[in-house]
Amino acid sequence: MNKIEFEDKDYLSKDKLIDLSDIDTIYMPLVVNFSTDVEILVKKGKKIKKNDPIAIKKDLDFSIVSPVNGIINDISECVYLDGRTVKCVVIEKKGRQPKEEMVEDINAYTKEEYLELLKKYGVTSMGGGNFPTYIKYEPILKTLIVNAVECEPYITSDYVLAKEYFKEIIETINAIISINKLRECFIAINEKYSDLLSIYSNNTINYSKIHIVSVKDFYPIGWEKTLIKEITKESYDKLPQEKGIVVNNISTIYSIYKALKYNTCIDKRFVTISGERVKEPTNALLRIGTNLKDVLPNIELIAGDTIKYVSGGPMMGRALPKNDLIVTQNLNGILFLDDIEDKKVYPCFRCGKCVEMCPANIVPVLIKDKVNNPEALKKLNPEKCIECGMCSFICPSNIDVRSFVKKAKRSR
Amino acid sequence: MKYAIDSGPHIRDEDSTDLIYKRLLLVLIPLLLFSVYKNVFLVFIENKYPLLDVFYPLIVIIVACITSFFTERIYLKIESNRLGYKKNLPFYSIIPGLFLSLLLPINVPIYVVILGAIVATLFGKMIYGGFGENLFNPAALGYVIIILLFGSLLSNFSNYLNPLELEKYSSVVTLDYTSINYNNLVSPYGNLFNFLFGTVPGSIGTTNAFLILLSFVFLSILKVIKWKVTLSYLLTVFIMTFMIASNHGEGIWFPIFNLLSGSLLFIAVFMTDPVTTPTTSVGQILYGLGLGVLTVCVRFLTDNPERILVAVILMNILVLLLDRLGVKSKQDSNYGYIFVLIGVIFAVIVSYFVSRTI
Ligand code: SF4
Ligand code: SF4
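Residue numbers (my numbering), protein chains in the order written: chain S, 1 to 412; chain L, 413 to 770.
Among the hints, a few may not be true.
[Unchecked claim] Covered stretches of chain L (chain S as the covering partner; in silico rule of three or more C-beta atoms under 8 angstroms from a C-beta of chain S):
id	stretch
1	416-424
2	533-545
3	691-700
4	729-742
Rather than coming from a laboratory, the hints here were simulated on the basis of the structure. Note that the Cβ used here is the ideal one computed from N, Cα and C, for glycine as well.
With the hints as constraints, model all of the structure from the sequences given.
And the structure:
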């Protein structure tokens, strides 16, 4: 019974779009795969071209690239979507921006060229993770699963992208299949998006290897393990690559498209701006590296007392103390929510609801009890936690069980 | 505008611990009403017993609740800085006393009730840090202390009879499960339906099996109790006593009688509270199994069949161990099947052994 069916909040932002990408100051947080252990390659005052590396994470052999032509203005600090304050490179967009040149046949790349392009143009997961995509494609693969399920309430940025760019997405998927010699591809679409389902079904009739799957709307269907289980009935231990499966978010596919078709990095993305405190929830086209402080004046909020400013969805996202969050590839939404009033915390009475809920099959309540006992934690596998927040969601005592599990995870 | 910092999740399930315990108390109301009907109202309309005797069961319940309430209050006063937040939960504090009183014989002296309720609240709950922290089921602990100090009180059958029943059943002797004889066990009280609907002698609030089963259904649907514990317990007792009965050439009436008599259903539903049972599914199933095996042992191998709450206390000690097995089974469900299988085999062996000895 480890699923939650949420009330639909997507209708708020689903069909609205504004373009707020006209911005000149770009902030690039120096984070790769949630690690800040990266080496800066640029100096203040120097010119930089689009797609030039800014910083490199050596152990993953992966660079963060500049999304614009401009000048390095500063090396300072900014807020990353997980709430940390991290180092960032500030770029002032200047001069002529490069013209995008189109590659005619993107099926012609070899696998080596393909990996090189993904690496060179800084393609990372756009669904929330921050993992270099090329690494996922290194092994021999048989199946690609395109994740377009968006199981967190409110967030519709993938939906908007999937609808807007379906031709590009299908072209790219077809190329990925032939470059990587895949046997099949499943595009997983949430059953609640019937329009997407028909668009994709109608446009993939001629592609025998591409299958459209309608998946049930529950949380956390967007998690790789749950999604794979639903679609191919397979389960894996640590990584889907064990079974020759690669899972990409549909927005990541668009980022791959940019790399293959135009040999450039992704420089804009859709970000859902929603929540009860937003007057007109919408999806915004934002430049990667935008400081939200610079565009938020365009968004009208409903005044009132304390507000929650959440990066990401209501389950996984964090409420941040300041509004100067940076738009990164993996930021899919910004929510303005009411501060939940009634969150009185009761003692844990060992009801076991968190245990029933946990999709990672660990036992949150015992991890909470043993959080300061590293020896006992060894047997409880807190490292398997995917931080989905379902234990905290369900806890009738309103205990933030997830934060205990996270702490246990870190202490190992 | 102020920003709230919060690691989320930013939406929460509506259910709360407060509501869960309110539901528990609400579900108890029919049971209380039935007890009052059987032990007070029916006696009252005879119009020939002293009023104190008539209202005595009600007095026991109220005294137990009040004692429990004030024990917790006073403890919190003394220890207030350590347990500050628990002050918000006043109505839970009657639970140990309330449950204890429902389990006691009708003619229990008031001082025993008070002592039991104090022990239940203080040693069963508060010294561990209050609600949610306790190792033992508070009411069960209070009951076990009463067994230790006033054992004969609980094994004396006449203590379970209200004034009306005293007249009616003066010749009947104590329940002896080992006799496995319908004429001894059931016939004196009518038939099994009397046990189902609670019109037989017994503890103050635990005789109406039908209402307890109904509560079980409600509490399971409302997610108040861990139904896996209750169900695996009842199944274990049923199957074991069924085997014992078959070995003695008796039929289905015997396992049913075992479930309906001697507060067993009440214990299965209300004394397996969330706090003192495992949190993992396999742990819960094993807990029920173990409790079932111990219950059968208490009933058939000791002279005091009313003491199955001792089994509850013993099982409480094993909760952490059972949860460890549960964790293992979560990592690999094959373990779960193996553990449960071992438990079942164990129960079968015990049944065989028991039916040989009696
Ligand atoms: S859900 Fe909350 S109250 Fe229930 S066991 Fe888990 S932490 Fe304890
Ligand atoms: S946050 Fe972690 S521990 Fe909690 S339910 Fe999700 S996976 Fe399990």
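Here is what the structure says about each hint:
1. Counting residues of the stretch 416-424 of chain L whose beta carbon lies closer than 8 angstroms to any beta carbon of chain S gives 9, which meets the minimum of three for the stated coverage.
2. Coverage of the stretch 533-545 of chain L by chain S holds in this model, with 4 residues showing a Cβ closer than 8 angstroms to a Cβ of that chain against a need of three.
3. Figure legend: the stretch 691-700 of chain L, annotated as covered by chain S; annotation consistent (4 residues with Cβ-Cβ distances under 8 angstroms, at least 3 required).
4. Residues of the stretch 729-742 of chain L lying with their CB closer than 8 angstroms to a CB of chain S number 5, which satisfies the three-residue condition for coverage.
Hint violations for this structure: none, all hints satisfied.
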